[in-house]
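Chains as they are written, first to last, in our numbering: chain A, 6 to 215; chain B, 2 to 273.
Any given hint could be a false lead.
[Unchecked claim] Anything over 12 angstroms on all C-beta distances counts as not near chain A; from chain B, calculated: (1) Gly45; (2) Glu49; (3) Gly57; (4) Glu71; (5) Gly118; (6) Arg132; (7) Asp134; (8) Lys147; (9) Lys152; (10) Arg174; (11) Ser177; (12) His178; (13) Arg209; (14) Gln238; (15) Gly246.
[Unchecked claim] Calculated cross-link-like contacts (lysine to any residue; reagent style SDA-like; alpha-carbon spacing at most 20 angstroms): (16) A:Lys77 / B:Glu188; (17) B:Lys33 / A:Asn51; (18) B:Lys122 / A:Ile148; (19) A:Lys100 / A:Thr195; (20) B:Lys191 / A:Ile148; (21) B:Lys159 / A:Ala36; (22) A:Lys77 / B:Lys191; (23) B:Lys122 / A:Lys77; (24) A:Lys77 / B:Phe172; (25) B:Lys122 / A:Arg48.
Hints were generated in silico from the structure; no laboratory data involved. Since the structure is predicted, the reported quantities are computational estimates derived from the model, not experimental observations. Glycine is no exception: its CB is placed at the ideal position from the N, C-alpha and C atoms.
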Amino acid sequence: MRNFNRMLYVAGLALGMASAGVAAADRAQVAVGEAEVMREMFRGFNPQGQAGLSRLRQDDMQKFCSSPGWQKQKARVKQLEKEQLALVKYPADGKLLGSWEAGERVAQSGVGMQFSDAPGSVAGANCYACHQLSGTELSFGTIGPSLRNFGKTRGNSEAMQRYAYGKIYNSQAYSACSNMPRFGHSGILTEQQMKDLTALLLDPNSPVNK
Amino acid sequence: MFRKLVKGCLLATVCLLPSIATAQSAQSDTVKGIERYRELLADGNPAELWEARGEGLWKEKRGPKKASLETCDLGKGPGVVKGAYTELPRYFKDTGRVMDLESRLLHCMTGIQGMDGAAIKRNAFGSGTNRSDMEALVAYVTSESKGIKMKVSTAHPKEKESYAMGEKIFFYRGGSHDFACATCHGENDKRIRLQDLPNLLNKKDAQRAYTTWPAYRVSQGELRTFQWRLFDCFRQQRFPALEYGSEASIALTTFLAKNANGAAFNAPALKR
Numbered sequence: 006m007r008n009f010n011r012m013l014y015v016a017g018l019a020l021g022m023a024s025a026g027v028a029a030a031d032r033a034q035v036a037v038g039e040a041e042v043m044r045e046m047f048r049g050f051n052p053q054g055q056a057g058l059s060r061l062r063q064d065d066m067q068k069f070c071s072s073p074g075w076q077k078q079k080a081r082v083k084q085l086e087k088e089q090l091a092l093v094k095y096p097a098d099g100k101l102l103g104s105w106e107a108g109e110r111v112a113q114s115g116v117g118m119q120f121s122d123a124p125g126s127v128a129g130a131n132c133y134a135c136h137q138l139s140g141t142e143l144s145f146g147t148i149g150p151s152l153r154n155f156g157k158t159r160g161n162s163e164a165m166q167r168y169a170y171g172k173i174y175n176s177q178a179y180s181a182c183s184n185m186p187r188f189g190h191s192g193i194l195t196e197q198q199m200k201d202l203t204a205l206l207l208d209p210n211s212p213v214n215k
Numbered sequence: 002m003f004r005k006l007v008k009g010c011l012l013a014t015v016c017l018l019p020s021i022a023t024a025q026s027a028q029s030d031t032v033k034g035i036e037r038y039r040e041l042l043a044d045g046n047p048a049e050l051w052e053a054r055g056e057g058l059w060k061e062k063r064g065p066k067k068a069s070l071e072t073c074d075l076g077k078g079p080g081v082v083k084g085a086y087t088e089l090p091r092y093f094k095d096t097g098r099v100m101d102l103e104s105r106l107l108h109c110m111t112g113i114q115g116m117d118g119a120a121i122k123r124n125a126f127g128s129g130t131n132r133s134d135m136e137a138l139v140a141y142v143t144s145e146s147k148g149i150k151m152k153v154s155t156a157h158p159k160e161k162e163s164y165a166m167g168e169k170i171f172f173y174r175g176g177s178h179d180f181a182c183a184t185c186h187g188e189n190d191k192r193i194r195l196q197d198l199p200n201l202l203n204k205k206d207a208q209r210a211y212t213t214w215p216a217y218r219v220s221q222g223e224l225r226t227f228q229w230r231l232f233d234c235f236r237q238q239r240f241p242a243l244e245y246g247s248e249a250s251i252a253l254t255t256f257l258a259k260n261a262n263g264a265a266f267n268a269p270a271l272k273r
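All chains should be built: construct the whole structure from the sequences, respecting the hints.
Structure representation (structure tokens):
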């Protein structure tokens, strides 16, 4: 037993020395590999409610945007935006503007997709968590840019409607590694909800433009 | 203590009433109101009830082995509680793992006292009369680090590995909403609605955030530990449920605790 313990101790020392050497050379080289991170992520979470372990599986965009310094890979950024834009599905009926009143309710609601949310509950977009929109709503966050007077300053052209709808559908299409969720691509919002949000941004009567 | 608390709540409600018309001043009024609310509550923190119960639980002979936790080694020797939290997470030779306070307490409760680890984990987050012994113990142990500077080490290779893993997890985007910790906690001066968000990559913010957990949450009427803080962040991130005391949770804690080094520990604190 004593011998065994000593063997462990010696092995530990050797290991320690090897790792310490690498560490001294460069902190980045100590960084754990992708496989180890994945292993501990999958071990470290339990499926609960509607949030299964598949939520931890990263697609190409999530993987790329998780690596600090992605900004420097300019060609990859452009390629990613192109790929994500190709994934946007515009409404079959060609109509992009819904009701801004309904859109305001979607923008206010933060319900949905958490393991504590009832499965099947209608998700909101929680726009106000990160953006300023209507002038009368003072409780807004600042993670995203202000969208105050969005339509008033940009107009209501068909091109602008396609941009707004596409941005809501897949934010990565216009700005790789944006913090904003891909509401259409990830199945968070319905087509009608995204039309309503587009109206909230662009309708001249919307409180966003008043 | 409770009278003061009630008085504080009433006053704060008055302060929070919007009295000025413009958006800008109404907002700064709200922020001021919240600050005043914190000040009023600061000298009567209900966390003291958890600390007192935790001290009792630490010293009491409990579990199938009828033993107290006074031989539990939190890193500074058996039974040493003073300042222990400021050096956690750390590598423990006896388990060959990096452990945070919660996972180390779990180790001592199952090992020294012979308690059922799964049952402790199931009841880790207390609710009303269903009280959590873990939350009380953490309140007691952390209260013994008040005023002592954070000094988390990454000298041991396993500690280095844990820190590096935690950093990766901090930037790990996933889930239905593509969120990572960094989405909300990677830039200065950001808010969700009116809630200020600390930039945990910025030394000052990281220090203030980490040294004020655990905290008594007024909105919940419970004392919450750092494991709960991470669990609830991941819930809002739309991730699955973080396993209590998992390597991933400890790694992330190592990353955040180490980033707070040099600041005086100031918890159990009080939060909205």
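Now the hints, each set against the structure:
Residue placement check: Gly45 of chain B keeps its beta carbon more than 12 angstroms from all beta carbons of chain A (closest about 28 angstroms). Taking the minimum C-beta to C-beta distance to chain A, about 30 angstroms, the non-interface status of Glu49 of chain B holds against the 12 angstroms cut. The beta carbon of Gly57 of chain B sits about 31 angstroms from the closest Cβ of chain A, which is more than 12 angstroms, so the claim that it is off the interface holds. Distance to chain A confirms Glu71 of chain B as a non-interface residue, since its nearest Cβ pair spans about 27 angstroms, more than 12 angstroms.
With a cut of 12 angstroms on Cβ distances, Gly118 of chain B stays outside the contact zone with chain A, its closest approach being about 15 angstroms. Non-interface call for Arg132 of chain B relative to chain A: holds, since the shortest CB-CB distance, roughly 21 angstroms, exceeds 12 angstroms. For Asp134 of chain B, the requirement that its beta carbon stay farther than 12 angstroms from each beta carbon of chain A is met, with the minimum near 22 angstroms. With a least CB separation of 30 angstroms from chain A, Lys147 of chain B remains clear of the 12 angstroms interface cut-off, as annotated.
No Cβ of chain A comes within 12 angstroms of the Cβ of Lys152 of chain B; the nearest lies about 19 angstroms off, and the non-interface call holds. For Arg174 of chain B, the non-interface assignment is contradicted: its Cβ lies about 4 angstroms from the closest Cβ of chain A, within the 12 angstroms cut-off. With a cut of 12 angstroms on Cβ distances, Ser177 of chain B falls inside the contact zone with chain A, its closest approach being about 5 angstroms. With a cut of 12 angstroms on Cβ distances, His178 of chain B falls inside the contact zone with chain A, its closest approach being about 4 angstroms.
For Arg209 of chain B, the condition that its CB be more than 12 angstroms from all CB atoms of chain A holds, with the nearest at approximately 19 angstroms. Residue-level check failed: Gln238 of chain B sits 9 angstroms from the nearest beta carbon of chain A, not beyond 12 angstroms. The Cβ of Gly246 of chain B does not lie farther than 12 angstroms from every Cβ of chain A; its closest approach is about 10 angstroms, which violates its non-interface assignment. Note on Lys77 of chain A and Glu188 of chain B: the hinted pairing holds, with a Cα-Cα distance of about 18 angstroms set against a maximum of 20 angstroms.
Of the pairs offered as hints, the one joining Lys33 of chain B and Asn51 of chain A is violated, with about 40 angstroms between alpha carbons and a cut-off of 20 angstroms exceeded. A C-alpha spacing of about 34 angstroms is found between Lys122 of chain B and Ile148 of chain A, which places the hinted pair above 20 angstroms, so the restraint is violated. With a C-alpha separation of about 14 angstroms, the suggested pair Lys100 of chain A and Thr195 of chain A falls inside the 20 angstroms cut-off, and the hint holds. For the proposed pair Lys191 of chain B and Ile148 of chain A, the alpha carbon gap of about 6 angstroms is at most 20 angstroms, so the pair holds.
Distance restraint check for Lys159 of chain B and Ala36 of chain A: the Cα-Cα separation of roughly 12 angstroms lies within the 20 angstroms cut-off, and the hinted pair is therefore satisfied. Taken as a hint, the Lys77 of chain A and Lys191 of chain B pair is broken in the structure, with Cα atoms around 24 angstroms apart against an allowance of 20 angstroms. Straight-line distance between C-alpha atoms of Lys122 of chain B and Lys77 of chain A comes to about 43 angstroms, which puts the hinted pair past the 20 angstroms bound. A C-alpha spacing of about 16 angstroms is found between Lys77 of chain A and Phe172 of chain B, which places the hinted pair at or below 20 angstroms, so the restraint holds.
Restraint check: the Cα-Cα separation between Lys122 of chain B and Arg48 of chain A comes to about 16 angstroms, which is no more than 20 angstroms; the hinted pair holds.
Hint compliance for this structure: hints 10, 11, 12, 14, 15, 17, 18, 22, 23 are broken, all remaining hints hold.
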